[in-house]
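Protein chains in written order, with the working numbering: chain V, 11 to 124; chain G, 595 to 711.
In short, the hints are calculated from the structure, not lab data. Careful, some of the hints might be misleading.
As the list claims (entries may be wrong) - Chain G is nowhere near these chain V residues, computed Cβ spacing over 12 Å in every case:
1. P54
2. N65
3. L98
4. T102
5. G115
Claimed, not checked - Short, incomplete list of chain V residues facing chain G, as computed with Cβ under 10 Å:
6. V14
7. Q16
8. G53
9. R70
10. G111
Bear in mind that the values here come from a model prediction, so they are computed numbers and not experimental data. Note that the Cβ used here is the ideal one computed from N, Cα and C, for glycine as well.
This is what each chain is made of:
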Amino acid sequence: QKEVEQDPGPLSVPEGAIVSLNCTYSNSAFQYFMWYRQYSRKGPELLMYTYSSGNKEDGRFTAQVDKSSKYISLFIRDSQPSDSATYLCAMTFGSGGGADGLTFGKGTHLIIQP
Amino acid sequence: GAVVSQHPSWVICKSGTSVKIECRSLDFQATTMFWYRQFPKQSLMLMATSNEGSKATYEQGVEKDKFLINHASLTLSTLTVTSAHPEDSSFYICSAVDRGSVNTEAFFGQGTRLTVV
């Protein structure tokens, strides 16, 4: 069993829909959870990071962590074609934001249809 | 956010030769840099962590003599793939963080696609 499982997609939804992206993990020692967005031929950029179980909201994005189920989610409201990208979940044992090495999911390729 | 420049974006080399990949932090001091590798349809996997002025720490299963990492300055780290073979063909990406800053976000380069023929 891989440490972090993420459906690679592609996931295709119409513009304006709510998008739900998910990852599961096996190691309960992970403490910080991050979501990165990666456009083609670019490096990943940090969208959100969370520490505790619960929800964290930032604009159209909501990150959700359920440590008891080892399950994290990213919700995108009012999705736009510009949101089309690969979304990577990542987690770490130590400090947030990536200051320690990260364990990544495979990434989900998201397509928002105009 | 801060900018990390990785060079080259892609490289093709012959089997048995060595390839050097550079990772530069352009507008901040990178006290720590990370090197990741991604095979097709797989996750980004951490290869090694390097702190400026120190020897790199390699993850289990990564050959330190094959993947030479140098982090001699606060703005530059290099990864040299020595005696490259076709199985080393992969996507290599670096990230950099300033541990002395309040913001410990890691910023990623754009990656290097290595093809060994």
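Flag every earlier hint the structure violates by its number, smallest first.
1, 3, 4, 5, 9
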